[in-house]
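Spelled out from the first residue to the last, the chains are:
There are 2 protein chains.
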Amino acid sequence: MRPIAVVGGTGPEGLGLALRLAAAGEAIVLGSRQAERAEAAAASIRDTVPDAQVTAATNAAAIAAADRVVLAVPYAGLPRFLDGGANGLADKLVIDVIVPLGFRDGAFEVAPVPGAGSVGELLQSRLPRARVVSTFKNLSAEKLRALGAPLEGDVVLCGEDAGARAEVAALVSAIPHLRPVDAGGIRNARFLEAITALLLNLNRRHKAITSIAILGL
Amino acid sequence: MRPIAVVGGTGPEGLGLALRLAAAGEAIVLGSRQAERAEAAAASIRDTVPDAQVTAATNAAAIAAADRVVLAVPYAGLPRFLDGGANGLADKLVIDVIVPLGFRDGAFEVAPVPGAGSVGELLQSRLPRARVVSTFKNLSAEKLRALGAPLEGDVVLCGEDAGARAEVAALVSAIPHLRPVDAGGIRNARFLEAITALLLNLNRRHKAITSIAILGL
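Going line by line, the protein sequences match chains A and B.
So that you can map any letter, position 132 of the first sequence is 132 in my numbering, and since no number is skipped, the others follow by simple counting.
So that you can map any letter, position 125 of the second sequence is 125 in my numbering, and since no number is skipped, the others follow by simple counting.
Bear in mind the hints are in silico, worked out from the structure with no lab data behind them.
C-beta atoms are modelled at their ideal positions from N, C-alpha and C, and glycine is treated no differently.
Just to be clear, a hint being listed does not mean it is correct.
[To be verified] Ranges between beta-carbon positions, derived for each pair:
(1) A162/A <-> P150/B: 50 to 56 Å
(2) R204/A <-> G106/B: 35 to 41 Å
(3) G25/A <-> G102/B: 18 to 24 Å
(4) G77/A <-> G216/B: 37 to 43 Å
(5) G84/B <-> A24/A: 54 to 60 Å
(6) L217/A <-> G163/B: 45 to 51 Å
(7) A170/B <-> G102/A: 28 to 34 Å
(8) D83/A <-> G102/B: 28 to 34 Å
(9) G163/B <-> R37/A: 46 to 52 Å
(10) E36/A <-> A76/B: 56 to 62 Å
(11) G77/B <-> P128/A: 37 to 43 Å
(12) A24/A <-> G216/B: 17 to 23 Å
[Said to hold, decoys possible] Which bits of chain A does chain B cover? Going by a derived footprint, with three or more residues having C-beta under 8 Å, they are:
(13) 72-82
(14) 144-157
(15) 180-187
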């Protein structure tokens, strides 16, 4: 099986996910706009996980090398990314972990996503042939990167393609202590993005790193 | 201390909260647009909780009798309620449990709230002298009404007034098994309303009654 590309893999969330997926035995091609930065990040993963299968590339080359692409570019960079480099995503499984955050008057909020109700919906609309699954929006990058500490929380995922959701759920399950929760269609992405803003406000107020669990399943 | 008014107390969420608060020893005045319907609902609570202190009234009379008002009218009825009967709420602690839900193409969604980002924000804006706390948005009415079954989940609350949040947090704590979680300002209400739509979609998909927990606090 071809590696999983992590686009924007030098940012905190992308790097944290790449680390966790590599530790779970997945082959990763870590992408960045600059190949040298990707190489440095890949080396840091190999330092932490000696048997990690992690290579580095530009974002475009990482996408070309993969069928499954974690999209972890910062939200502020997403329009440029979509205008410039999204063609390669056309037929891929796109794992969207982007949250459109803003900060105003002392609190986090969800920034408006022009033309869509969420980043997940925007991506599926801009990439009609891709199978977009929005997920991993509610796990702290800091915790993802602290490999020695167990994660906790449920990883809710959504997308239009049930097979794609199942593939991503299997990836979630491969990371110890995480449980995938299938929410159905991509329109749920807006709720996942809202939860991130709430958790960040809780983190600020309570000096904590929070995550969510879904009870009753 | 004067009773807690539950406005819209014959609907499932209002009735469930009135039942739980009465079981916790709070005096309740249960309001409805028709006093006879309120009386029938109050009687059903007294049947379940023999020592419940529950009286019945019209919504307006219930508000007049209370300093703390749980607002549980259906979202569809909120504009009419605000235009007609909201004057009495001016200086009260208003506990907003309303969720603006819609349903489209097989999934729940958050309905737009004209002029505001959430019902909580709308209420605080329309009732500038009231102390609005949005909470209890993510507990199922069905579970609230099943007094024999323990509740589970965290009750996130938000509002501009820290004292009001503390008062409501104490009410949450009075209900066994529930933990209040203070999220800060009222702008978080939109996130609580989003969570409700997500939980309802999970309920539908998984044939469950879900709630949330905040981990890491």
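Structure-based check of all given hints:
no.: 1; hint: A162/A <-> P150/B: 50 to 56 Å; result: violated, 34 Å
no.: 2; hint: R204/A <-> G106/B: 35 to 41 Å; result: holds, 36 Å
no.: 3; hint: G25/A <-> G102/B: 18 to 24 Å; result: violated, 42 Å
no.: 4; hint: G77/A <-> G216/B: 37 to 43 Å; result: violated, 28 Å
no.: 5; hint: G84/B <-> A24/A: 54 to 60 Å; result: holds, 58 Å
no.: 6; hint: L217/A <-> G163/B: 45 to 51 Å; result: violated, 36 Å
no.: 7; hint: A170/B <-> G102/A: 28 to 34 Å; result: holds, 32 Å
no.: 8; hint: D83/A <-> G102/B: 28 to 34 Å; result: holds, 32 Å
no.: 9; hint: G163/B <-> R37/A: 46 to 52 Å; result: holds, 49 Å
no.: 10; hint: E36/A <-> A76/B: 56 to 62 Å; result: holds, 58 Å
no.: 11; hint: G77/B <-> P128/A: 37 to 43 Å; result: holds, 40 Å
no.: 12; hint: A24/A <-> G216/B: 17 to 23 Å; result: holds, 22 Å
no.: 13; hint: 72-82; result: violated (count 0)
no.: 14; hint: 144-157; result: holds (count 3)
no.: 15; hint: 180-187; result: holds (count 6)
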